[in-house]
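Number of protein chains: 2
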Amino acid sequence: MEIFHATEIQGNTVFLDAEESAHCVRVLRHRTGDEITVVDGNGTMARCRLTDDSPKGATAEILEKVEGWGGHPYSLTMAVCPTKNNDRYEWFVEKATEVGVDVIVPVIGERSERKVFKTDRSRKIALSAMKQSLKAKLPRIEEPVSVKEFISFEAKPASPSLSLPPSGPVRVNGRDEGLAGLARPEDKLRLICYCFEGEKERISIEDALKGLPVGAEVTIMIGPEGDFSPEEARLAVENGFIPVHLGPSRLRTETAAVTAATAVYLHFV
Amino acid sequence: MEIFHATEIQGNTVFLDAEESAHCVRVLRHRTGDEITVVDGNGTMARCRLTDDSPKGATAEILEKVEGWGGHPYSLTMAVCPTKNNDRYEWFVEKATEVGVDVIVPVIGERSERKVFKTDRSRKIALSAMKQSLKAKLPRIEEPVSVKEFISFEAKPASPSLSLPPSGPVRVNGRDEGLAGLARPEDKLRLICYCFEGEKERISIEDALKGLPVGAEVTIMIGPEGDFSPEEARLAVENGFIPVHLGPSRLRTETAAVTAATAVYLHFV
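Here the protein sequences come in this chain order: V and B. Using our numbering, the first residue of the first sequence is number 1193, and each one after it goes up by one. Using our numbering, the first residue of the second sequence is number 1193, and each one after it goes up by one.
I should point out that these hints are in silico values taken from the structure, not numbers from a laboratory. Hints may contain errors.
It does not matter which identical chain is meant; a pair holds if it fits inside one copy or across any two.
Only pairs whose alpha carbons sit at most 30 Å apart, straight line, appear in this in silico BS3-like list of lysine-lysine [unchecked claim]:
#, residue 1, residue 2
1, LYS1276, LYS1257
2, LYS1307, LYS1380
3, LYS1380, LYS1340
4, LYS1310, LYS1380
5, LYS1380, LYS1402
6, LYS1276, LYS1310
7, LYS1310, LYS1402
8, LYS1276, LYS1316
9, LYS1248, LYS1402
10, LYS1380, LYS1316
11, LYS1340, LYS1276
12, LYS1248, LYS1316
13, LYS1310, LYS1257
14, LYS1402, LYS1316
15, LYS1402, LYS1340
Predicted model, so just to flag it, every value in this text is computed and none were measured.
Whenever a hint applies, use it, and build me the whole structure from the sequences.
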């Protein structure tokens, strides 16, 4: 099944850009009258009939629309420090898109070895991963910001229960609710994966996600090869981020990022 | 932290092969008397002192041994069909090793486009991923076998409770135990990720893993791009494999494999 991405939709008419038109008409040899599947990158899939098979600018009319096509029941922002090797970051972008992510923010930490990041390639990879995995929503790849900028952007008054997590899940009415159980559904759950060498206060990501309701917003920060600086970690916790660990395995930055995104995805499976 | 892999250990003496010796002495410039960390690939880490810094065959004496170093509390066999693009399979091998896997079996399905598989490169990748992620146990990469050969190799009399899974987790004493709760710890939990187009009998991998005890043995089969053939799937179910799904996202073969391995890992986190 082949998906086309349309950036312009007017009323009932879909306009494919030059690249998508060429792929549709030249490569796949679709002709006027053919049925094609188009996604708008915002969550809507449209079954369309090709009305103009121009390879420079094809158009199609919408026959049927499906909202939230290939979507996931949560909203996930992954703020991940660029890896030394760019391919590894792009691999994370592809896998997170396949599994289900909404926003990817390249964040530059004080200990990041890579201080610059080109978003163009990652956006291309997210686009093809969206089409390949039959999703209608394109993850937003933000321009890089510093870890501290991102934290203050995400900042909210830290509630005691969130800024000082217990060593295990919280029990409410005798049931494991986890920290998420304390957060109101409209609250964003903010997690920072940090080694906190020697510190005892981290909980597992599984405990942090316990009781997370459908529709929850989650933000997860993943540090660079050299981890976050203690000051970045302190700032994150002061601003309501819960320090979590991903278990005993020592994971590369991009593996940690995909593992964390997968933990959120599997919570709703 | 740099790890060396020793294939030969006699009593208290560790022998590094030519490649590891050259890396230790030529690249990292270790000299007799230096302390190095050696793993045996079977789960044991040894803190050693270099006694001979020959770049062709270095030796070291063991100062301290740690069993089960960097291990995980389960035994996981991943039987995954080779991907059309070999890099994607090697990526799965690297990530599964980082997260925690014991045996990887390249299985060739009736619908596999790639019928041959070279194990050498995957073994090299598993070795470097083991060292990079500070583990002492090297995943075993088997020679490729057909899906049907693998199923008969794994075969056991299917117990009704395992071959005919309910549509949800099993409740024992009012607690969600999942299917694994029914299996005795010494039983192997066998899962097959299969699209079963239109079939209703699959449960989610999360439900299948519920109640899985520490030390459990798990085998997971992942099909090729074209999925397992109906006959392969039927044979698997007849032989005690539980058909599971990985949720709503449409995942590539290698992504499905890493997601399934991550689900097992996170179950114990």
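List in ascending order the numbers of the hints, as given earlier, that are violated by the structure. 1, 7, 9, 13, 14
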